[in-house]
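Protein sequences, first through last, are from chains C and E.
Just so we're aligned, residue 1 is where the first sequence starts under the working numbering, counting upward by one.
Just so we're aligned, residue 1001 is where the second sequence starts under the working numbering, counting upward by one.
The calculated lysine-lysine pairs, modelled on DSBU-like cross-linking and capped at a C-alpha distance of 35 Å, are:
1) 29/C - 1150/E
2) 33/C - 1244/E
3) 1257/E - 82/C
4) 1252/E - 6/C
5) 33/C - 1215/E
6) 78/C - 6/C
7) 29/C - 1257/E
8) 78/C - 1244/E
9) 1220/E - 29/C
10) 1257/E - 108/C
11) 74/C - 1252/E
12) 1215/E - 108/C
13) 1244/E - 74/C
14) 78/C - 1252/E
15) 1174/E - 29/C
16) 78/C - 1257/E
17) 1252/E - 88/C
18) 108/C - 1188/E
19) 1252/E - 33/C
20) 29/C - 1188/E
21) 1220/E - 74/C
22) 1215/E - 88/C
23) 1252/E - 82/C
24) 1215/E - 78/C
25) 29/C - 1141/E
26) 88/C - 1220/E
27) 1244/E - 82/C
28) 1244/E - 108/C
29) 74/C - 1188/E
30) 33/C - 1141/E
31) 1220/E - 82/C
32) 1220/E - 78/C
33) 1257/E - 74/C
34) 1150/E - 33/C
35) 29/C - 1252/E
Hints were generated in silico from the structure; no laboratory data involved.
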Amino acid sequence: MEKKPKNFGYSVTRDRQIDFDANNHDICKIVTKAEPTLNLCISCGSCAATCTAGQFTDFSLRQVILLLRRGETKDLDKEVSKCMLCGKCQLVCPRNVSTRNLVIQISKALCDNRMSAS
Amino acid sequence: MEKHVVVIGAGPAGLETSASLSKLGFRVTLVEKEEATGGHLKKWHALFPTLLSGKDALESITKELNSTIKIQTATKITGLEAVNDYFTISGHNGWQEKADAVVLTTGFQLFDSHRKEEYGYGIYENVITSADLEELFASGKEFVNRHGNKPERVGFVHCVGSRDEKVNNLHCSKVCCITAVKQAIEVKQLLPDAEIFCFYMDLRMFGRHYEELYKEAQEKYNIQFIRGRLSESTEDHEGNIVVKVEDTLLGKPLRIKVGLLVLMAGMEPRAGTKSLTTMLGLKNVPDGFIQPVDEVLRSNFTEIPGVFVAGTCSGPKSVSDTLADARSAALAVADYLKS
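Produce the complete structure using the sequences and hints provided.
In structure tokens:
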């Protein structure tokens, strides 16, 4: 029988720091290959400003792209699922990032990653 | 009698001013404290945004000088004084001249990156400056870090010695952003497998084709831009540089290891410029650059009639801005001497 860890009444606070070297950068590489316009993002936030989902949830495509670029992919699928694929962000993007396909490719890469892990 | 103009400082600004003044029919003496003319351009491998070779640029500028221009090198100015309607100028080696007008083209000095001790320049071998990198490019040697390895990751730190009141430099040096983009591309061309990161506060792509080069850096070379100013760098046991920065767009601290860290050293007013302006009795302003009468309308004029200014001694400029400013100064001098 597994022994339960003893509760000493305190916990360890997790580091908020992005540990770039320890993070997984494969997903970003796969997505960049599938949708190269990802590289063009300048984090201006116009996508998030026009986003309908972002009006009701804390969804921000700008944030999703940054998390992807930093390899912070742990909770990314939950984030991306908030997108309704309406495509308004694509209309406002000043660098012509193919945002709609980008969201699809991120979901796909995360899904493939989960499948291969299980 | 033919009017005589003394130009002080033989970098791109001094060379271009002299050539232009000579073409306008004035007798010109160009004084330089170093043995050779050319200033910082002598050591610069390639210029943004076209990657024009520094050597070719300098050759092209120098070619415009004609034999009537007297070039007085290895001469440090020790006396500069307005006497009635002319100036007397003397050097440490006994050299002396009289001039009807003086143009100050003393340029800039690179910020001494040792002063940002927390970034590790002079402490960790794999922390170098943008100027060191140009020399490495120009040497044509194999691109390796100081441990002889091809770095897998290279980081560029923007605004080193610029926009930083801790080192008494409030100003933006203007050219470092685009230089970092240019150098990042050049490194990526030499090391196609390397990952390149630029740590910036703002990206100031103000010139023509700068934004295009930035876009190319992202699109073609996959260079990553992380918004945040470095707090410090440390060295790990393998000689890599561990960088600490806040990713300000994510609002989280970030740590990343690079094999080579390049500090984008900013432009500062040259220490010697202040001694010249003091000799003339020009007002010194807090940032240390020479203050023109009006930055918009009369950028080549100083408070003293007959004393003109061109190039980076009146504020950070690119080479193309400097050359345009030099030609504009020559016209200002001509206007003054012909009236």
